[in-house]
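S.K.: One-letter residues, chain by chain:
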Amino acid sequence: MLSASQLHRFVQHINRQASRNTWVLRRVFQPEVTPPGGVQKNPNDFHDYQKYEVVEFETQKSAGPINVILLQDVEGIGHQFDVVSVDRTLARKDLLLSKKAVYASPFDLKYYSDMKTRMAEELASRIRIPYELKVVGRDLQKMVIPIKVNMENQWTIDRNLVKSSLRQMGVFVAENTIFLAAKPISGPNFDIEAKLFRFYVVVNQQYIVPMLGRITHISVDESKQMISPTLTTPRDEELARYSIRKEFPLYSKNNDFTEDFPIFEHMKEHAPTTPH
Amino acid sequence: MRRLLPIFRRNLRISAFSRQCTTSDDTLRTFAPNALMDRIVDDLKKTGTHFVIPGRDSFARQESAKVFEKLLENGVKCEFLLDANTKNATLFRTIVSQPGASLEILETIVNVGYVTFEDAIRLLALFPDDLLRHGSPSITKNIEALSACGISTPRTIGSAIKKCPPLLFARDPQEMQRLAHEIGGFFSRKQAGHLISRCPQILLKPIEEIEEKYEYMFYQMGVEADDVAECIGWIDILTFDEIVDRHKFLLATGKFATPDAKRPQIRIENPKLQSILDSKEEDFAVKVARVTMEEWIVFKALRVKETINEKKERKFERIKPSKRKAYERRHKERQELAEHVFDVSHGN
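Quick mapping for you: the protein sequence lines, in order, are chains A and B.
Sequential numbering from 1 applies to the first sequence in the UniProt record's numbering.
Sequential numbering from 1 applies to the second sequence in the UniProt record's numbering.
By construction, these hints were calculated from the structure, which means they are not laboratory data.
Since the model is a prediction, treat every value here as computed from it, not as a measurement.
A few of these clues could be false.
[To be verified] DEER-style ranges, computed between Cβ atoms:
1) B:P154 with A:S164: 52 to 58 Å
2) B:K163 with A:I218: 56 to 62 Å
3) B:F80 with A:I218: 44 to 50 Å
4) A:K183 with B:D43: 53 to 59 Å
5) B:K162 with A:K93: 29 to 35 Å
6) B:D43 with A:I218: 20 to 26 Å
7) A:R167 with B:E242: 47 to 53 Å
8) B:G48 with A:K183: 53 to 59 Å
9) A:F261 with B:G48: 35 to 41 Å
10) A:R245 with B:E79: 55 to 61 Å
11) A:R167 with B:D42: 34 to 40 Å
[As the list claims (entries may be wrong)] Quick look at which bits of chain A chain B covers, simulated, 3 or more residues with Cβ under 8 Å:
12) 189-198
13) 227-233
[Claimed, not checked] Computed list of chain B residues with no C-beta within reach of chain A, every gap over 12 Å:
14) G48
15) N74
16) M293
17) T307
Positions of the beta carbon are idealized from the N, C-alpha and C atoms, including for glycine.
Assemble the whole structure, with the sequences as input and the hints as a guide.
M.R.: In structure tokens, the structure reads:
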């Protein structure tokens, strides 16, 4: 059994641990300088000299970012075995708890540096998609581009038309980076109103992004208006209805996807069906 | 010979009846939705609205036709759909452009709001943007809030929605419940429920407005909660100033006197609050105040000038009934002697 004094000391210790802080204080009224040869007075003899004001305290300052070593590729942060400086809260709540990273302690720095040296060949051979391309691909894939076609005049969907429609959605691409299917779509034909079709956009000759277009008939005549179901994110059954397969972007380390590359044939065989 | 003839006749009738059923069923099931849409487009073209809808074989057309098909299956008649869409082009545009959301909202209003499909279609025609923006989950929450406010039976819920469709989307459900709770300070639970069911617009009013009107009727007119709960004109139709005008007009014509606990005859002889506030202006002037309409109009004009000249901090004094006599005595003593009065004895 603990005695009362021991228990009291234990409780004090816990309290001190929990609320420990460092404060910097300053006197409100500065005492006079002791003249040379004079005897120094005790400042506590005067009541005003016992007043202090706070200059700063420890918890007022942010601790700043923390250095960690990544144990795997983390999107948007870095690759495996990189030493990165991340937000302290992010590291504590996500990276360290889920074992995606460890503290950059001297031992860990040496240990994982050796491991990185041993795995240099494997790391070099790993295919990594640049983060910027991933973000661009995701944003482009989310869109369904309304391809506006005329209600009366003859039209055929070509690269120029798709480029104009992309521009209306805020996407500026060169014409030679758009790839359409071999079979042309012509009209006007109200049976294909709101029809979805697949086309591809190539980014940096490295990244093929599958995109969706939606045929939307419009008329210059204000009184004549086409009404059809509004644009929404298509479900899998809608894609299957139009014989469109669910695809995700394809990346190549080399600049393989040039203007003459057969994009449609290549994507039929090699398109990923799951996001990476 | 006599036995054979009746049997023959019965057979003929049965076959004729079955043919009729078969024909009508086939027409409804196979051709109605697409033919109905084509018919609506043709009728709208005659009235000047030129719509172009997707082709008959397209998927976009099928989605829209599904809505009409479900409505027909649920018992809505072809003639009603044709008439509703032809007279209101916005309804047809809404159904064709957002078929899934429209059908979901219609079914929600019918299943949770206890109204018929015809009434739900009328509501969608009147408030298409608000209902679609709000969505069916929010509409469901609003209707459930009505149940919490005291409107609990299906018939009263349907009646409230028909009387005041903005209940479905105009206000946050929690605010409506809070207002119903605050009304409980003025009325009993039964009275409040009865009041809300007869005039659901009260749930969309700010509580300050309701409090001001009620306090005027209680403190200045001397009307009790029982009488206030019986009439509904003060909630939505009349503004506060109009209530004050009607009260002061009746005081001026002598048809209304402030009730007194010691003289209950005054309360009996006073016109009922329902006739004062729920009647139209002509009925109020002629039948309640017993004067002509012109006098009522002139009085209102004078009241406007009088109100502008007044510089009161508060619109009216809140005098408890038990303190009424003392207030009136002090009010009488406070009168100043007019300049044209020469006799000093009147001032005393």
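S.K.: Run every hint past the structure and note whether it holds.
M.R.: Here is how each hint holds up against the structure:
Between P154 (chain B) and S164 (chain A) the C-beta distance comes to about 54 Å, which sits within the given range of 52 to 58 Å. Between K163 (chain B) and I218 (chain A), the C-beta spacing of about 41 Å breaks the proposed range 56 to 62 Å. The hint said 44 to 50 Å for the Cβ distance between F80 (chain B) and I218 (chain A), and at roughly 32 Å that hint is violated. For the pair K183 (chain A) and D43 (chain B), the beta carbons lie near 38 Å from each other, so the given range of 53 to 59 Å is not met.
Distance hint for K162 (chain B) and K93 (chain A): a CB-CB separation of about 52 Å, inconsistent with the stated range 29 to 35 Å. Evaluation of the 20 to 26 Å hint for D43 (chain B) and I218 (chain A) yields a pass: the beta carbon distance comes to about 24 Å. As the Cβ distance of R167 (chain A) to E242 (chain B) is approximately 58 Å, the hint placing it in 47 to 53 Å is violated. Between G48 (chain B) and K183 (chain A) the beta carbons are some 40 Å apart, a value that contradicts the proposed interval 53 to 59 Å.
Checking the proposed 35 to 41 Å range against F261 (chain A) and G48 (chain B) shows it is violated: the Cβ atoms sit about 53 Å from each other. Separation of R245 (chain A) from E79 (chain B) is about 45 Å and departs from the stated range, judged on CB atoms against 55 to 61 Å. The hint said 34 to 40 Å for the Cβ distance between R167 (chain A) and D42 (chain B), and at roughly 38 Å that hint holds. With 7 residues having a Cβ less than 8 Å from any Cβ of chain B, the segment 189-198 of chain A passes the three-residue criterion, so the hint holds.
With a threshold of 8 Å between beta carbons, the proposed coverage of the segment 227-233 of chain A by chain B holds, since 4 of its residues qualify and at least three are required. Separation of G48 (chain B) from chain A is inadequate, the least Cβ-Cβ distance of about 8 Å not exceeding the 12 Å criterion. Distance check for N74 (chain B) against chain A: the nearest CB is about 21 Å away, which clears 12 Å, and the non-interface claim stands. With a closest Cβ-Cβ approach of about 48 Å to chain A, M293 (chain B) is found to remain outside the 12 Å limit, as its non-interface label requires.
T307 (chain B), annotated as away from the interface, keeps every beta carbon of chain A farther than 12 Å; the closest lies near 49 Å.
Checked against the numbered hints given earlier, the structure breaks hints 2, 3, 4, 5, 7, 8, 9, 10 and 14 and satisfies all the rest.
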